[in-house]
Structures are given as C-alpha cells and as structure tokens.
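Position chain B against the provided structure of chain A, taking the given hints into account.
Here is what each chain is made of, one letter per residue.
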Amino acid sequence: MKNRLVFICFTFISISGFSQDSEIKSSKDWKLKSALSFAPGFLTEKTNTIQLQGTIGFVKNKIELRGDGFYFLNSFGDRPRFSMNHQLYAGAFYKFLTEKQFQPYVGFQPGLAMSQSSEYGALNFETQQLEHQITYNPVGSIVGGFDFFGEKLFYLFAEARYIFGKHTSNTYPVYLDEFRLSFGLGLTF
Amino acid sequence: MTRYKYIFILLVLGVSNTFSQKIYAEKGNIELGLRTTSSVFGHDPYNGLGIGGQTRVQITDYLNTEWFVDWITIDLAGAGTRKNAHIGWSVLFYPKKMGKFIPYLIAGHCFDYAKVTPLSTQYLDRSHDEVTRWSSAVQMGLGSHYYLNDRFNLSFSAQYMMHLGNHLEYELLETEKGYYLETNKDKHTGERLEGHVLLTLSLNYKIADLW
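Protein chains in written order, with our numbering: chain A, 1 to 189; chain B, 1001 to 1211.
Excised from the complex, chain A in its bound form (with noise of 0.2 Å):
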C-alpha cells in the first residue's frame, strides 16, 4: 500500500513537472544533441539484453537527423542466443513542441547489426571446429519518445524503440527481434 502511494505521488510529481508550458530561450534555430546511457531489451522467452547506447543528433525545424550506437553488453534470460549484437543506425525524427521543453518524438531509423549467434554454430571440416560466424545485418527500428530540455545544456531523455531484422548466416538464421528502451541524460549545444 505504502509502495503504491509512492508510486502514484512520484506520477504526479512527474507528469506536474512535465505539464508547464515553459518554453526555450535560444538565438539559434537549430540544435545539437549528443548522450550516453544504458538500454534494457526485451526478447522473447523472458530474455532480456543490455547495450550501452551512444547518441548523436542535430535538430531544425521540427525534424532531428539521428544517430545512434547500441554496444552490446550481454543477455540473460531463458534464451540468450547472441554472442554479439551491436548495432548502428541512423534516421529522422519528428518533434512536437519544439518550442516548449518537454518535446514528444516519433522516428524510423534503418540500421545495420553486428551479430553472431551462441546457439548456432557450424562444422568447419578442415579445422574439425565450431565455428560461430559474425555477420553484418540489415536491421530497421520504429521509435517513440520525449526529450525534456533544461535551462542550457542538458536535457533528460526516454524512448522505446522496435526493432526488427533477422540474423543471417551460414547456419540457422535467428530473429533480431527486440523491443528496447533508453533513457538518460544528455549534453545539448
């Protein structure tokens, strides 16, 4: 009971904080972002992945160009499955509000995985070994999020991500699949 009413006064602490209209000062119409922080994943068969998430954007007019370097860290969970998974990817975004400091977005972003699977492995009959081969794959993520700017040079940021894609190799492919979130604090000039 106790833990609920922390919870609900800390949602009323935050959505209040969010819900002025408080609005940017700045003499330029352009902006750049940059953050690094950790991301949690979510895979199937109650898997969970950890990335350590390195951002870069540049924000006119509403759109922000975006790019974003997910390091794979590791997974745990009934089903692993990867060795390695870091990603690049870079896209747009569009903002809402960009007036205002608390600044919702939508985004797609193609991108490109560097993975190798730890289930699959294939015979190399010259060398008799498993082998667990690292391939480059076409991955794509549908993003939602918000940024909230302070004064002057930083600003807290949430998002989730959708990711999608398939590991491809010379064994059995496995789905790059994952829902990701990522929130933080980051630098803004």
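Don't read these hints as lab results, they were simulated from the structure. A few of these clues could be false.
Unchecked claim - Restraint ranges, calculated between C-beta atoms of paired labels, are given here:
(1) A:Ala158 / B:Asn1047: 56 to 66 Å
(2) B:Trp1134 / A:Ile50: 36 to 46 Å
(3) A:Glu45 / B:Lys1177: 19 to 29 Å
(4) A:Lys46 / B:Lys1177: 42 to 52 Å
(5) A:Ser118 / B:Ser1144: 26 to 36 Å
(6) B:Ile1207 / A:Gly54: 34 to 44 Å
Unchecked claim - In silico SDA-like links for lysine to any residue, alpha-carbon gap of 25 Å or less:
(7) A:Lys62 / B:Lys1097
(8) A:Lys166 / B:Lys1100
(9) B:Lys1083 / A:Tyr136
(10) A:Lys166 / B:Thr1132
(11) B:Lys1083 / A:Lys28
(12) B:Lys1100 / A:Asp29
(13) A:Lys28 / B:Tyr1147
(14) A:Lys28 / B:Asp1209
(15) A:Lys62 / B:His1109
(16) A:Lys60 / B:Ser1127
(17) A:Lys60 / B:Asn1149
(18) B:Lys1083 / A:Gly140
(19) A:Lys62 / B:Phe1152
(20) B:Lys1177 / A:Tyr175
(21) B:Lys1115 / A:Leu88
(22) A:Lys62 / B:Arg1151
(23) B:Lys1177 / A:Leu130
(24) B:Lys1083 / A:Phe96
(25) A:Lys33 / B:Lys1022
(26) B:Lys1115 / A:Met84
(27) B:Lys1115 / A:Leu130
(28) A:Lys31 / B:Asn1149
(29) A:Lys28 / B:Ala1208
(30) B:Lys1100 / A:Asn61
(31) B:Lys1083 / A:Lys60
(32) B:Lys1083 / A:Ala90
(33) A:Lys33 / B:Lys1083
(34) B:Lys1100 / A:Tyr94
(35) A:Lys166 / B:Ile1207
(36) B:Lys1115 / A:Gln129
(37) A:Lys60 / B:Ala1025
(38) A:Lys166 / B:Ser1127
(39) A:Lys60 / B:Leu1210
(40) A:Lys28 / B:His1128
Cβ atoms here follow ideal geometry from the backbone N, Cα and C, with glycine treated the same way.
For chain B alone, kept in the frame of chain A given last:
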C-alpha cells in the same frame, strides 16, 4: 448543402496551399541519404531486407541523378541465405512538381554481387556448396519525394530490377524434414534474365546548392 460547400472550399484551399509556394528539388542540389530496401517478387518467394546509402546530384530542375549502394539479406526458408550487394546509379525525371510532393520516373544501372550459402550444421559443412556471382542489372520504376522542410525529404520508390548475366543456379526443395537448398556451381547454365522488385524508402538531406 452550405456545409459541404464550406468543406469543399477549405479542402481546395488546403490542397492548393500544400502544392504552391516554395520550389523544391532545384538544379545544383547535392543530397546525402540513407535508404532501407525490401526485395520482393524475386527468384525466391521470400522477402529480403536491406540497408544502404545514396547521394543525389541534381543536373537540371527536372533531372536528378542518384548514386547508391545497398546490402540486402534474404533468409531462404531456414535452408540457407542469400546476400546481395548493389552499387549503381539512376536518373530521376520530374514530369511535374507539386510543391512538397514531387513524383518521378526513375531508371538506371547497377552492378550486383550475389552469394547464396546453404545451411551448415554442427555435423555438416556445406561451405563448398556456396555459389557466388557478379552481374550487371538495369532498373526502372516510379517514385516520389515528400519535402518535410527546405533541406530534408522522404522518398519512396518501386523499381523492377532486371539482372543481365550468368544465372545463379540454386533451388529450394521441399523434403520430409523441411526445405533443402540445392546449389549448382556449373558455369554452363547460360545467361538468363532474372528480375525482382525493389521497394526503397530513403531519408535525404540537402548539403549543398552548387549551381
């Protein structure tokens, strides 16, 4: 009746406002873009997903050029994979510009590298059955830009790509245990036409206006 008239007038005004004013896609524009490509209706009944990049150099107000690279992977029913790399160029012709919305005819040429890898397992190594090919291809189709602002546009195109050169010989066979990919390295299979449809969605940013 009056209500419908108002709606109609508002609609006409809205549409004319969208299609008027600023002129986009002018000569001298140089754009950089990223693209995601889906390969459909090809040799195999399975779709591929690809990623690539492109640069556009606009020659005249009604003629643009596109220089692109693509990397596409296709899962062949779990029995193998096909990987395609394209590097090529296209010419875009704009018959009519409608403000932010600019439809175009597109045609071009590219070089294509394809590799088909049959499934290997922990007990079976089929790497020697891998088949590869370099070929040339021509493509043509229709597309459209939609300008989100002065510098930034979203483009979608559908093109039919026809490969000219040696046919990549492989076949998916349905067996009791599932699909089996049979490949044939025989070079004497001859030249045959092979085609597929490429659906491309790209995001492009104008970096310069040179002339």
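**Report entry** Distance restraint between lysine 62 (chain A) and phenylalanine 1152 (chain B), which requires alpha-carbon spacing of 25 Å or less
**Finding:** 11 Å, holds
Query raised in the report: Do the beta carbons of alanine 158 (chain A) and asparagine 1047 (chain B) sit within 56 to 66 Å of each other?
Result: For asparagine 1047 (chain B) against alanine 158 (chain A), whose Cβ atoms are near 33 Å apart, the range 56 to 66 Å is violated.
Query raised in the report: Taking only the CA atoms, is the gap from lysine 62 (chain A) to histidine 1109 (chain B) under or equal to 25 Å?
Result: 36 Å, violated
Query raised in the report: If you draw a straight line from the CA of lysine 166 (chain A) to the CA of isoleucine 1207 (chain B), is it 25 Å or shorter?
Result: 33 Å, violated
Query raised in the report: Straight-line Cα separation of lysine 28 (chain A) and tyrosine 1147 (chain B) no greater than 25 Å?
Result: 22 Å, holds
Query raised in the report: Taking 25 Å as the top limit, are the C-alpha atoms of lysine 1115 (chain B) and methionine 84 (chain A) close enough?
Result: Status holds; Cα separation ~23 Å.
**Report entry** Given hint leucine 130 (chain A) paired with lysine 1177 (chain B) - CA-CA distance at most 25 Å
**Finding:** 23 Å, holds
**Report entry** Proposed proximity, leucine 1210 (chain B) with lysine 60 (chain A) (alpha carbon, max 25 Å)
**Finding:** 22 Å, holds
Report task. Would you mind confirming whether the straight-line C-alpha gap from lysine 1100 (chain B) to asparagine 61 (chain A) stays at or under 25 Å? Result -> Holds, because 15 Å separates the two Cα atoms, which is no more than 25 Å.
Query raised in the report: Within a Cα-Cα threshold of 25 Å, do lysine 1083 (chain B) and glycine 140 (chain A) meet the stated pairing?
Result: With Cα atoms ~17 Å apart, lysine 1083 (chain B) and glycine 140 (chain A) stay inside 25 Å; holds.
Query raised in the report: Holds or violated: are the alpha carbons of lysine 1115 (chain B) and leucine 130 (chain A) at most 25 Å from each other?
Result: Holds, because 22 Å separates the two Cα atoms, which is no more than 25 Å.
Query raised in the report: When you check the alpha-carbon spacing of lysine 62 (chain A) and arginine 1151 (chain B), does it fall within 25 Å?
Result: Holds, at about 12 Å.
Of the numbered hints given earlier, the model fails hints 1, 4, 5, 6, 8, 11, 15, 16, 24, 25, 31, 33, 35, 40; all others are met.
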